[in-house]
Amino acid sequence: MSILINKHSKVLIQGITGNEGLFHSRQMLQYGTQVVAGVTPGKGGEWVLDGKVPIFESVKTAIEATGANATAIFVPAKYAADAIFEAVDAGLPLIVCITEGLPIQDMMQVIQYVKQSKCRLVGPNCPGILTPGEAKLGIIPGGITVPGNIGVVSRSGTLTYEVLDALRKAGKGVSTCVGIGGDPIKGTSFIDALELFEADAKTDEIVMIGEIGGNDEEVTAEYITRYMTKPVYAYVAGISAPLGKRMGHAGAIIEGNVGTAASKISALELAGVKVAKHPEEIIELMQ
Amino acid sequence: MSILINKHSKVLIQGITGNEGLFHSRQMLQYGTQVVAGVTPGKGGEWVLDGKVPIFESVKTAIEATGANATAIFVPAKYAADAIFEAVDAGLPLIVCITEGLPIQDMMQVIQYVKQSKCRLVGPNCPGILTPGEAKLGIIPGGITVPGNIGVVSRSGTLTYEVLDALRKAGKGVSTCVGIGGDPIKGTSFIDALELFEADAKTDEIVMIGEIGGNDEEVTAEYITRYMTKPVYAYVAGISAPLGKRMGHAGAIIEGNVGTAASKISALELAGVKVAKHPEEIIELMQ
Amino acid sequence: MRLHEYQAKQIFAKYGIPIPKGRIAGTSSEVRQISEELGGNVIVKSQVLVGGRGKAGGIRLAKSPEEAEDLATQILGMEIKDIPVRRVLVEEAVSISQEIYLGITTDRINQKPVLIASSEGGMNIEEVAQSAPEKIARCLINPLLGLRDYQLRDIAVSIDLNRIYLKTFMDIARSLWKVFADCDAQLAEVNPLVITSEGRLYCLDAKIILDDNALFRHPDLADLRDTDGEDPGEVTARKYGVTFIKLSGTIGCLVNGAGLAMSTMDLIKLKGGEAANFLDIGGGAYAEKVSAATKLILSDPKVKVILVNVFGGITRCDEVAKGVMDALTGKSANLPLVVRFVGTNANEGYKILEEVPYQTASTLLEAAEMSVNLAKGVVSEHSYQ
Amino acid sequence: MRLHEYQAKQIFAKYGIPIPKGRIAGTSSEVRQISEELGGNVIVKSQVLVGGRGKAGGIRLAKSPEEAEDLATQILGMEIKDIPVRRVLVEEAVSISQEIYLGITTDRINQKPVLIASSEGGMNIEEVAQSAPEKIARCLINPLLGLRDYQLRDIAVSIDLNRIYLKTFMDIARSLWKVFADCDAQLAEVNPLVITSEGRLYCLDAKIILDDNALFRHPDLADLRDTDGEDPGEVTARKYGVTFIKLSGTIGCLVNGAGLAMSTMDLIKLKGGEAANFLDIGGGAYAEKVSAATKLILSDPKVKVILVNVFGGITRCDEVAKGVMDALTGKSANLPLVVRFVGTNANEGYKILEEVPYQTASTLLEAAEMSVNLAKGVVSEHSYQ
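Protein sequence lines correspond, in order, to chains A, B, C and D. Just so it is clear: in the first sequence, position 142 is 142 by our numbering, and no numbers are missing. Just so it is clear: in the second sequence, position 23 is 23 by our numbering, and no numbers are missing. Just so it is clear: in the third sequence, position 243 is 243 by our numbering, and no numbers are missing. Just so it is clear: in the fourth sequence, position 288 is 288 by our numbering, and no numbers are missing.
Read the hints as simulated data drawn from the structure, not as lab findings. Any given hint could turn out to be false.
[Stated by the list, open to error] Taking lysine to aspartate or glutamate pairs in the DMTMM-like style, the calculated list, with each CA pair at most 25 Å apart, reads:
#1 K118/B with D165/B
#2 K230/B with D200/B
#3 K60/A with D107/C
#4 K135/C with E64/A
#5 K118/B with D107/C
Model the full assembly from the supplied sequences, consistent with the hints where possible.
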């Protein structure tokens with residue numbers, strides 16, 4: 001088992017003919033993911049990736065033809081909200097938006113709309129989801145992790161890869177890794193992911209990687225105290241970040257006195273979470 | 001039993017200090033309805049109806065203070081959509097909008113919003129609901145009907161009173177009478193009401209009063225064929241109405257070839273509904 | 001409330017929908033001048049609020065300013081379906097390579113706005129719906145979300161739009177949605193949306209119907225109302241807040257409530273007569289309103305009988321009676337009056353009317369029957385003098 | 001992106017929010033003239049994009065055109081928090097009877113816009129939230145539905161607004177919501193919204209922060225950007241699409257990914273050093289971008305060590321190496337270089353860098369430690385010439 005995606009997932013790529021979309025679709029396919037369709041308006045009827053993946057005009061027609069049940073969105077930020085609305089209206093159970101730089105008001109509308117649907121949105125501005133040995137939806141490099149019993153959830157991209165790499169080097173594998181993204185307004189929260197990991201038979205321990213900005217980690221700490229039975233380990237980036245500056249991610253900003261790493265770390269520690277001082281220390285804490 | 005309202009319903013009146021609101025609140029109270037609160041912004045803290053009903057600034061505060069679980073809206077058309085949104089956001093299970101003349105785009109937004117909530121909207125542009133001997137929410141005159149086992153649902157106002165009056169004169173009583181209103185876009189449909197009557201132990205027979213415009217009656221006929229076990233009698237007004245003219249009710253218009261009385265009558269008859277040629281004939285059909 | 005083509009086009013233009021160059025004119029010399037400005041090749045279109053202008057000869061092509069002036073002289077003297085043509089729209093003629101239908105209206109069943117498009121533009125969309133339903137593409141619009149681009153792309157594919165026009169088509173459709181939403185329209189229609197032989201898109205004919213209930217939000221649009229095509233009685237009725245619809249029969253009806261008013265008409269027909277009008281005085285009407293309503297009935301020379309049918313609830317029968325009396329007083333008309341009062345203050349109402357002769361009916365059916373008989377000349381014992 | 005007060009007020013005025021009469025000026029003689037036009041009693045407000053203008057003496061009252069000119073001369077020569085004052089806003093002085101706070105921003109927790117109001121206007125709302133939280137009223141706005149009137153009435157009651165001002169207050173708040181939504185604002189704030197002793201409402205100070213991600217929809221607003229208060233490096237970085245934030249340390253960092261870049265800074269600090277910057281070259285960065293980014297680091301005279309930390313995925317380490325080499329080539333700087341490449345084309349990357357001396361680190365911690373030691377002067381065997 002795993003969460004969100006596995007080898008049976010039938011994946012659709014919105015924006016498959018863009019540079020990023022095409023490159024990562026190939027990677028997903030090579031990883032063993034069932035990439036069954038792409039959507040690029042105006043290119044319906046063509047095939048990409050050595051004739052393996054058909055392109056459709058719309059998400060709806062792609063689903064009708066291929067039975068796709070998950071999508072990864074690579075379309076430019078300007079059009080990404082529309083792509084999400086299209087996926088929601090087509091009823092896709094899992095929508096992963098890789099695109100970075102979506103306007104925040106677009107995202108607030110999207111979230112409100114998604115909430116009223118039965119779809120789950122992950123992201124935007126996220127590396128996606130990877131279930132080692134089974135499938136990947138997004139841009140997490142496949143080679144840096146192996147199947148195992150650790151669930152990983154993170155607001156970051158490359159920092160997550162560091163952790164996956166360190167886990168692998170320490171002989172530790174991962175059930176599923178979920179990048180929830182670095183935006184302030186996003187579809188899936190730490191809590192959503194923890195809830196899934198808690199219910200997943202394959203996952204025994206969870207690593208969460210937070211960062212400054214907002215109070216997701218604080219809220220998650222409360223949730224952990226009340227609902228989590230599996231051990232959670234954490235790392236929070238940005239302890240040395242200055243106030244009032246947006247640290248690359250749109251959501252990584254300390255505003256007023258909200259969003260400091262210190263606050264997050266102390267909340268998590270209060271909830272019994274072992275918090276590492278640097279990414280590689282997570283391995284030591286897990287021994 | 002009965003549907004939607006009964007003697008335990010705690011009723012709130014939005015727009016209680018207007019002429020219509022005040023007049024009908026008194027009527028409801030005199031009928032025995034528990035009118036527990038009124039809402040008129042700017043008049044919170046005052047009392048009306050001989051000091052029996054307190055006024056609040058907002059629906060939320062009224063509910064908190066009185067436990068109201070239904071509302072009748074008498075505010076002018078210009079503000080009525082806002083009043084409905086307020087009631088929905090306050091979580092009132094039953095919202096009856098008496099007001100006539102709401103812009104159709106307001107109503108489309110309202111309907112979309114209500115659908116995502118747990119509230120039921122009846123109306124707008126409707127006479128409301130009356131459960132004889134128990135309570136009334138709206139403007140149906142109390143004296144013209146008595147308790148009994150006939151459920152009545154209607155798109156009309158005074159025409160419904162005709163039918164209630166005729167039933168009473170023929171010694172027949174009513175479980176609940178629901179006026180769903182004469183607008184093209186409305187909260188509760190014939191089908192919604194029929195579903196409730198079908199499940200109501202007190203209701204044995206149903207009278208529905210339709211009119212030209214749209215195809216509610218045709219759609220309802222299909223529903224009756226598939227789901228109704230209780231006998232349904234009908235009358236449809238407007239057999240002599242000209243094409244393309246809005247007959248008083250915003251929804252009562254034959255557009256193209258859609259909405260004719262003939263189409264509705266034949267659909268209902270096909271569904272086994274006995275359709276009266278004039279209102280009083282309903283009584284004869286029921287014998 | 002329906003707008004004229006030129007009014008709709010002005011609104012469309014404000015929202016960036018491309019329309020042909022042109023102007024409105026009230027005289028043939030103006031038409032000549034506009035035609036000269038536009039280079040001679042123009043179309044002269046009568047501006048009246050009815051369909052079938054083309055068939056009636058109200059839309060004509062001119063190849064020169066002189067011809068335009070001649071045609072305008074003819075058109076400006078016409079009546080189309082009894083409506084005098086007071087203005088014509090003069091526009092540059094464009095060469096059409098394709099005609100598309102694009103419209104937004106309200107879908108009653110789904111309770112949402114619906115965008116409708118078809119590759120068969122230029123025709124009545126209802127006719128296309130019957131003759132070639134597969135040529136029509138529809139998409140529902142979530143009223144809280146608005147029209148989304150992906151929906152427009154789907155629509156464009158459905159009507160086989162050449163992709164080179166996609167961007168412009170999407171811009172136009174987005175603008176049309178904005179018009180629909182901003183103006184509280186019940187219909188916003190471009191038919192045809194043409195693709196010219198030069199590959200440009202134009203709105204060649206425009207139709208906007210506004211929601212009367214929303215005009216309070218749009219005083220500027222409300223001012224555009226043209227009552228030329230309306231029955232004068234209906235115009236007067238609107239002023240008094242009653243609903244009056246002129247029909248062709250002989251029995252004038254005054255009723256409270258739209259459903260009951262329709263039913264009254266129906267029963268008159270059932271009994272072999274015909275109503276002269278539909279008239280709903282509304283709930284809680286006061287004497288003044290009723291008086292105005294009664295006068296509307298009296299102003300119809302075809303009326304032979306007046307039927308007053310009121311089920312008193314909020315509406316008080318005595319108040320209605322006062323209004324009727326007020327309208328009848330001083331009139332020398334000799335129309336029989338049938339009155340049925342039920343409910344609130346019915347007896348008081350009957351009493352007020354005692355100054356004039358009338359018949360009473362206890363049921364709706366009886367009232368209808370009585371009126372029909374009176375209209376047929378079966379004069380009863382009472383007769384109004 | 002934050003707008004100046006005068007820019008925000010111009011937008012507010014366009015949306016019907018009442019603002020005091022006034023104009024923007026760049027010279028003290030202009031200020032004198034505006035002051036004369038406004039009748040002498042004016043307020044002269046420095047336009048710089050930082051808080052604390054009042055405390056710094058950048059906002060002054062003048063009782064005559066002469067005084068206004070004098071004050072303007074002073075203010076226009078000032079620097080506030082290192083930012084030169086280039087423009088002042090000159091406005092008529094109003095007599096204040098009450099100050100209200102009114103703002104709309106994004107609520108991250110609820111993922112919705114939130115309207116915040118307080119009877120304690122004129123102060124920093126965060127301070128009010130701490131000192132008197134009961135004086136703050138909040139209401140969440142459904143982004144698909146917009147701000148509703150009933151919510152505004154509730155808010156008005158919560159802040160004890162005198163009912164005679166309700167209509168105007170609601171108009172202003174509705175307009176503020178329109179500004180927030182139409183401009184893709186992250187903050188639209190009127191603080192204070194004053195009630196004058198004559199009972200009129202004015203927006204006395206205005207603040208708008210725009211969502212940088214949405215500027216593509218608002219080219220006119222994007223043009224309003226003033227970079228006076230920004231680090232030149234950050235301005236350059238924006239042009240190249242990399243995120244650069246100037247910090248006060250000595251170790252220049254070049255990292256791919258925001259989280260990893262923060263973590264790199266953190267570990268430097270953990271090891272006793274301090275980063276000179278935060279620099280995220282983004283995913284899939286090409287040599288040109290990396291070169292520009294490296295030059296940003298080199299342009300900081302405080303930098304003693306450069307740390308390149310790249311976890312290759314989409315980003316190829318060789319491409320990064322090329323960019324770094326390009327920036328270093330021809331420079332005579334003598335900065336030690338620590339490089340950590342992991343993942344895609346790491347070895348190729350190391351190879352490209354062989355022309356310059358550098359140290360490699362295998363773990364993040366090691367890279368940080370190495371850089372800190374180098375910055376402290378513990379010179380290693382290789383040293384960059």
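Q.
Does E64/A sit within 25 Å of K135/C, going by the straight-line distance between their CA atoms?
A. 21 Å, holds
Q | Pairwise hint evaluation, D107/C against K60/A, where the allowed Cα distance is 25 Å at most | A | With Cα atoms ~22 Å apart, K60/A and D107/C stay inside 25 Å; holds.
Q: For the pair supplied as a hint, K118/B and D107/C, confirm whether the alpha-carbon distance does not exceed 25 Å.
A: 23 Å, holds
Q: Take the C-alpha atoms of K118/B and D165/B, compute the straight-line distance between them, and say whether it is at most 25 Å.
A: Violated: K118/B and D165/B sit about 34 Å apart, past 25 Å.
Q: Starting from K230/B, check that the Cα of D200/B is at most 25 Å away, please.
A: Judged against 25 Å, a Cα distance of about 10 Å means the pair holds.
Going through the hint list in order, the structure does not satisfy hint 1, though it satisfies all others.
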